[in-house]
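*Asks:* Sequence:
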Amino acid sequence: MQKSKSIMKRLTKKEEIIMEHFWEKGPLFIRELRELYPEPRPHFSTLSTQVRTLQDEGFIDHKSYGPTYQYFAKVTKEEYKQNSLIGLIDKYFDNSYLGAVSALVKEDKITVEELKELIDLIEKQ
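In numbering that gives the first Met the number 0, the protein residues as written are 0 to 124.
Hints are computed from structural coordinates only; laboratory data are not their basis. One thing to keep in mind: the hints can contain errors.
Derived pair list, reagent style BS3-like, types lysine-lysine, alpha-carbon separation capped at 30 Å [unchecked claim]:
#1 K115 x K80
#2 K123 x K108
#3 K80 x K123
#4 K90 x K13
#5 K8 x K24
#6 K80 x K108
#7 K115 x K24
#8 K108 x K8
Here are the computed distance ranges between Cβ atoms for each label pair [to be verified]:
#9 T110 x R9: 21 to 31 Å
#10 L87 x T48: 19 to 29 Å
#11 E38 x T67: 19 to 29 Å
#12 L87 x T110: 20 to 30 Å
#13 V104 x K13: 27 to 37 Å
The beta carbon of each residue, even a glycine, is placed where N, CA and C say it ideally should be.
Construct the complete structure from the given sequences, taking the supplied hints into account.
*Replies:* Printed below as a string of C-alpha cells:
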C-alpha cells in the first residue's frame, strides 16, 4: 500500500491530524471527519480541500457513493513513520544510518546497552 519506493512528502501538522483520524477510525465521509474535531470545527470546504490534497499526494483514496465520497488512508501509519525516518536520515545524515545512530549515542538518547539489545534483536530475526 505504500505510495512508492521514493521518499514521500512529510505531512504538515494539519495533514497529520487528518491522517491520524483515518488511521484510527478507518474510512470516513468528510462530514464524519469534521465531527471528530473539537469546537470550533473546521469548515466542511476547508477539510474537503485538505483531504483532496492528501489524495493528490497519494496518502488517501476514495470510494464513490453517488455524489458523495468516502475517503480512506492509502498509506498506513507504519509506512509513513518508516518513510519519515528514512527521509530524515537521508536529509540530515547524508543517508548514513551509522551517522544517525552515532548522533543518538553522542546526545545520550540511546545507550550502548540499548544498542547491544538492538543488535541481539536483529541477530535473532
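*Asks:* Are the Cα positions of K108 and K8 separated by 30 Å at most?
*Replies:* Within the cut-off at roughly 26 Å; holds.
*Asks:* Could you say whether the range 27 to 37 Å given as a hint is met by the Cβ separation of V104 and K13?
*Replies:* holds (34 Å)
*Asks:* Given the hint that K123 pairs with K108, test it: the Cα-Cα distance must not exceed 30 Å.
*Replies:* holds (24 Å)
*Asks:* Taking 30 Å as the top limit, are the C-alpha atoms of K115 and K80 close enough?
*Replies:* Holds, at about 23 Å.
*Asks:* Does the structure keep K115 and K24 at a Cα separation of 30 Å or less?
*Replies:* Violated - the C-alpha atoms of K24 and K115 are around 37 Å apart, more than 30 Å.
*Asks:* Is the hinted pair K80 and K108 satisfied, with a Cα-Cα distance of at most 30 Å?
*Replies:* The given pair, whose Cα atoms are some 19 Å apart, holds under the 30 Å limit.
*Asks:* Hinted pair, alpha-carbon criterion (30 Å max): K80, K123. Please report holds or violated.
*Replies:* holds (23 Å)
*Asks:* Can you tell me whether the CB distance of T110 to R9 sits inside 21 to 31 Å?
*Replies:* Check passed, 29 Å falls within 21 to 31 Å.
*Asks:* Can the restraint linking K90 and K13 be considered satisfied, given a maximum Cα separation of 30 Å?
*Replies:* Answer holds: K90 to K13 is near 22 Å, not above 30 Å.
*Asks:* Between the alpha carbons of K8 and K24, is the straight-line distance 30 Å or under?
*Replies:* holds (23 Å)
*Asks:* Taking the Cβ atom of L87 and the Cβ atom of T48, is their distance within the range 19 to 29 Å?
*Replies:* holds (28 Å)
*Asks:* Has the hinted range 20 to 30 Å been met by the Cβ atoms of L87 and T110?
*Replies:* holds (21 Å)
Hint 7 from the list above is the single one not met by this structure.
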